[in-house]
Amino acid sequence: MAINTDKNSYTILFAIGMVIIVGTLLAAIDSSLKQRIETNKILEKQQNILYAIGMNNNEGNSVSFVSTDQAPSLFDKYIVSQIYIQDDKIVEDDEAYLIEVKKEKTLAKDPTYDRRLPLFIAEKDSVRYYVAPIRGKGLWDAIWAYIAMDENMTILGAYFDHKGETPGLGANINQRFFMDDFIGEKLLDSNGNFGGIKVSKSNLDPRNEDKDDHEVDAIAGSTITGDGVSAMIKSDLRLYMSYFKKLKQE
Amino acid sequence: MGLLSKKDAKLILDPLSDNNPITIQVLGICSALAITAELEASVVMSVAVLFVMGVGNVVISLIRNIIPSRIKIIVQLIVIATLVIIVDLVLKAYAYELSKTLSVFVGLIITNCIIMGRFEAFALGNGLWRSFLDGIGNAFGYAIILIIVGFFRELLGAGTLWGYPVFGDAIDKTGLYAWGYENNGFMLLSPMALIVVGIIIWIQRSKSTHLIED
Amino acid sequence: MEHIELLFKSIFIDNMVFATFLGMCSYLAVSKKVSTANGLGAAVIFVLTITVPLNWLLDTYVLQDGAMKWLDPSLEEYDLSFLSFILFIATIATMVQLVEIIVEKFSPALYNSLGIFLPLIAVNCAILGGSLFMQSREIPSLELAFTYGIGSGIGWWLAILSIAAIREKIRYSNVPSPLRGLGITFIITGLMAIGFMSFGGMLTGGDEAPEAAAKEIILESEIDDIEEGDQTVLDINKEIE
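Residue numbers (our numbering), protein chains in the order written: chain H, 9 to 258; chain U, 78 to 291; chain S, 15 to 255.
If you're looking for bench data, these hints aren't it; they were derived computationally from the structure.
All C-beta atoms in this analysis are idealised placements derived from N, C-alpha and C, irrespective of residue type, glycine included.
There's no promise every hint is true.
[To be verified] Label pairs and their calculated CB-CB ranges:
id, chain 1, residue 1, chain 2, residue 2, range
1, S, M15, H, I24, 44 to 50 Å
2, U, V243, S, S187, 34 to 40 Å
3, H, D220, U, K250, 24 to 30 Å
4, H, I24, U, I163, 19 to 25 Å
5, U, K250, S, Y186, 28 to 34 Å
[Stated by the list, open to error] Take a look, some chain U residues computed to stay more than 10 Å from chain S by CB distance:
id, residue
6, A125
7, V135
8, L253
[Stated by the list, open to error] Computed from the model, here is a short list of chain U residues facing chain H with C-beta under 8 Å:
id, residue
9, A118
10, G131
11, V132
12, I155
13, L166
14, K169
15, G184
One chain only, chain H, in its complex shape (with noise of 0.2 Å):
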C-alpha cells in the first residue's frame, strides 16, 4: 500500500476525519428526520391513549390501533379534558400529553420540584375514562404504560409498551392475553386503600375470572419484566390517589 497506515500522525487524521463524518452524518440524518419522528411519537401517544378507552382495530388476537390518519380527530373527539396534577393544584392544559413522564420523573429526584402528573379524561358511550400514563423499568429498559380507569379506580383497559424487552418473553406485555387480563381489575382495596396489581406467578386464576384478587396472570420466562410492571403500577398510580379521592367527594 501507498499508505503508512501504523504512522501516528496518520492514525490521528484518520480518526478526527472518521469523527467529523460520521458526526455529521449522523446529525444530519437526525435533525432532517427529527420532525417526521417527533410527529409519529405524538401520534403514536394518541394511539395508545385511543387504545386504553377501547378505541382500536382489533381482530383476533392482535393489536391494532386506529389509523395514524383518524388518531387526532379520535382524540379531540373523545378526550373530554386534559389535566395535569402539580402538588395539589390540578391544572386544566389541552397540552397536556406532550408532557413526558419520563422528563418529569427525572426532574423530580429534585425534591424541590413538584412532579406533573398527566390525566386525559375520555368520555365514550357516556362513560368516563381515567386515562393515566405510567413508566418504571423491566429487564433491560424502560416499559410504560396507559391504564384507562373509571372513578373507582377499576381498570377499564390497558395498553402497555416496552422499549427493548426479550423478545418472545418480556416484550409480550403489549400482546392481548396480558394486557386484557387488566380489564376489570380493582386498583383499590374494600377499604379503599390502594392495593395495586399483581403480576403473578402463582395465583391459580389462569382463565383471570376473579377479578377482586388484585393479580393477574404472568407471563412465562419473564419474571423481572413481571415485576417491573407490578412496581410501575404500584408507584405511579398510587400518585393518582389523591385526585381520585377527591373526585369522589365532589
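Use these hints to put chains U and S onto chain H, whose structure you have.
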C-alpha cells in the same frame, strides 16, 4: 451455480455446516440465547443480521486499506453502530410500525460479536464481492441455528408456532392437552437455549466426526 | 448499604453471564484453562470499572435529554440520547486501547498477563451491556455507577472462572466424544444458569430492607497460580479464528 465460482460457493455453503458461526466459531451466542423463545423473533433477528452483515462486510472491505491498524477495532465498531443507527432513524421516520418491532433488536445487533468477528476474520483481508458472500453465508449459518432453536423452544415451551397454537388450547384443555399433555414452560427460559444449542452441537458432531474436539 | 446491595445484586442476581447472557462468546471461547480465564476475567473487571463510571458521566452531562444545560441554558432542549450507543462504544474502544498502550509502556509484566486480552474485551458485549444497563436502570450517582461496574465485572469473572475450573476437571470424565469441548460447555453453562436463577428470588421481596441476604455469600475461589506465556496467546488466537 453459474454465477459463483466453486471457491465463492464455498464461502456461502461452509458456514451452513462445517464452519457454522454459532456451533463452530462460537460467535453471536448472546443473541442466539436471548431471543429464541419465539420463532418469529428468531426470523426477524436473522433477517436483520443478514442485512447488517452483507452491507457491513462490504463497507469494511471498501475501506480496509485505509484503516490504521492501531484503531481498527474502534473503526469497525463505529461503522457498524452508525449503520444500525441510521437504519433505525430512517425506519422511525418512515415506517414507524416496523421500527417498533425492530428497535428491540438494535442493541443486540450492535453488540453481536458475529459481525465484528467476520469483519476481523474476513472483510479486512478480502475484496468486495467475496466479503459480501462471506457476510451472507455466515448470516445464513447463524439464521439456521436461530430458527432451529426458536422452533423447538416455542413448540415445546408454549405449544405454539409463529403464535398459532399447534397442540390445542392449554387453558381449555383441548387437542393434545385433553390427553394430559402439558407445556414445558422451562423451555422458554434462557438456560434451555444453551442446552438446546448443546444438543445441536452434539448431533452435528456425531454426523461430521472430523469436527470432534479432544 | 446501598453499595453492598448493588454489589450483591450485580454479582449474583443480575449476573452478566447467567442472568442476562452477555459476554457469552469470549466466555465460551476462552474458558479452557483457569489461568487464561482468570486473566480475561481480571481484564473485564478492570475495563468495566473504568468505563461504566466514565459513560455515566457522559450520559449525565452530555447525552440525556436536557443534560447539557450546565454548559449553557440554551442547550437544554437538545436530546442526544440517540448517540449513546456510538459514544459508549467509542469510549470503551478508546479506553481499551489507551489502557493497552499505557500498560505496555509502564508495566510490561502486567501487559504480558493482561495485554493479550484487551483487544478481545472491546468486542465483549458484557462491557457495552454494563454501560447500557447503567443507563437504562438509571443508576443515580457516580459512586454507585462505580460499584455497579466493579460488581458486574466480578460477576463475570466468577462465571468464567468457575466454568474454566469445571472444564479442566471434566477432561477426566467420559463425555460422549461429539459433545466434548464446546457441546458439554454449553450444557454445563445451561445448568449453572438454572442454578443462578435461584438468586433471582433474593432482594425482590418488595419494600422490606434486604440486609440479611448479603451476608450469606460464600465465595468459591478456585484460582490457580497465574502463568502466562506464548501458549496462552496461541490458544486464544486459535479460538478466535
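Results of checking the hints against the structure:
1. S:M15 x H:I24: 44 to 50 Å: holds (46 Å)
2. U:V243 x S:S187: 34 to 40 Å: holds (38 Å)
3. H:D220 x U:K250: 24 to 30 Å: With Cβ atoms ~25 Å apart, the hint holds.
4. H:I24 x U:I163: 19 to 25 Å: With Cβ atoms ~21 Å apart, the hint holds.
5. U:K250 x S:Y186: 28 to 34 Å: violated (49 Å)
6. A125: The claim stands: A125 of chain U keeps its Cβ more than 10 Å from every Cβ of chain S (closest is about 15 Å).
7. V135: Holds, since 20 Å exceeds 10 Å.
8. L253: holds (26 Å)
9. A118: Nearest chain H Cβ about 3 Å off; hint holds.
10. G131: Since chain H brings no Cβ nearer than about 20 Å to G131 of chain U, farther than 8 Å, the hint is violated.
11. V132: V132 of chain U check fails; min Cβ-Cβ to chain H is 15 Å, beyond 8 Å.
12. I155: Holds, about 6 Å.
13. L166: For L166 of chain U, the interface hint holds, since the closest Cβ of chain H sits about 6 Å away, which is under 8 Å.
14. K169: Nearest chain H Cβ about 5 Å off; hint holds.
15. G184: holds (6 Å)
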